[in-house]
Amino acid sequence: MARFDPYENNGGTCVAIAGAGYCVVAADMRLSVGYSILTRDHSKIAHLADKCVLASSGFQGDVKALQKNLAAKELVYEHNHNKKMSCPAMAQLLSNTLYYKRFFPYYAFNVLGGLDSEGKGCVFTYDAVGSYERTGYSAQGTGATLMMPVLDNQLKSPSPLLLPARDAVTPLSEAEAVDLVKDVFASATERDIYTGDKLEIVIINSSGSRRECIELRKD
Amino acid sequence: MVGKNCFAIASDRRLGVQLQTVATDFQRVFKIHDKLYIGLSGLATDVQTLYQRLVFRHKLYQLREERDMKPQTFASLVSALLYEKRFGPYFCQPVIAGLGEDNEPFICTMDCIGAKELAKDFVVSGTASESLYGACESMYKPNMEPEELFETVSQALQASVDRDCLSGWGGYVLVVTPTEIQERG
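Chains A and B, in that order, give the protein sequences.
Each residue of the first sequence is one higher than the last, beginning at 1 in my numbering.
Each residue of the second sequence is one higher than the last, beginning at 220 in my numbering.
Among the hints, a few may not be true.
Said to hold, decoys possible - Once the Cα atoms are required to be at most 27 Å apart in a straight line, the calculated DSS-like pairs of lysine-lysine come out as:
(1) A:218 / B:339
(2) B:360 / A:218
(3) A:198 / B:360
(4) B:360 / A:182
(5) B:339 / A:182
To be verified - Every beta carbon over 10 Å from chain B, so not counted as near; a handful from chain A, in silico:
(6) 29
(7) 41
(8) 78
(9) 93
(10) 130
(11) 174
(12) 179
(13) 198
(14) 211
(15) 212
(16) 214
Everything labelled a hint here was simulated from the structure, so no lab data went into it.
As the structure is a prediction and not an experimental result, all values here were calculated from the model.
The C-beta atom is built at its ideal place from N, Cα and C for all residues, glycine as well.
Pulled out of the complex, with its shape left as it was, chain A reads as follows:
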């Protein structure tokens, strides 16, 4: 007898890189179930506040619910405090929201990216139950194990493997970071069956946010 399984892995990979005055958040746009592709056009990125963007891979049903939950809490915060939530504040909120469901978790692997109150880029990486860390860069999802070593190698100074971390953000320029993101996604698309189709890149800097969409291999 097959028991009802409340979870499903829709695949996909999310990446974020923080720089001195920018943050790049990217995710592929493939939605899969098992060995099938449901759509090549599904965004995993949610704009929670004007300088704060969440990218989540895992079970997209839980991801949608989580995004709705966070958006609602952010609105309540705005009404109570008369200002938009900052990225570090949203980071803590996300952690608490995830841990609230510690015994029936959101099957969501999140990467939160944005600018902190000083305008410096920040990236927060999470596990499914809310354990989080501020890092200079991170990847989550099915292609994350393929991408992290390359990011460690290219963005040496903010690596969380160096103790103490030499830099909080990467010294790369915005254009170089975007190129690196495109390269790692191209490599992950080759070897991970759940990553591909299209890549959505959101770049946040002092002048606001912009979105780029590029094609990836569709096989």
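Chain B: place on chain A using the hints.
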């Protein structure tokens, strides 16, 4: 990994039992003959037994044929040896690299029951294999010279094993060209 008329084969040096490290100088890459090497990952006892069996078979081949085995032939031999144990396998994933006819580089990998996978660029195996796939895919370029190939393989190995808690404690890289063999620990 394949380069221009050369190849590189590399491994880490850790021997562990789950989280306990037992040795930091474990040899996983073995020479079959001057232009043929095999790397074995997985259960250490099977790594050593398989290596001993393969060297034995190759020595017999050398006595009968009075020449060294070609890499493609050796790969078929490994595949057959592993499939003999189909229902009680060796817990090992081999990576074979050699220079064949006309010093053409040859690489291949297998699963633990002998399914061969030939590749033109690189092959990986072990606990950090996913990380290695990502790193090699990003760093590989076709037709690299031996020095560049050495750098690439070292960086890919280092980056990948640093993200795997069961691999590490040093690396060993071997670059083989038709005229010389370079090893670096």
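- [ ] Please name the hints from earlier in the document that this structure breaks, with their numbers sorted from lowest to highest.
- [x] none
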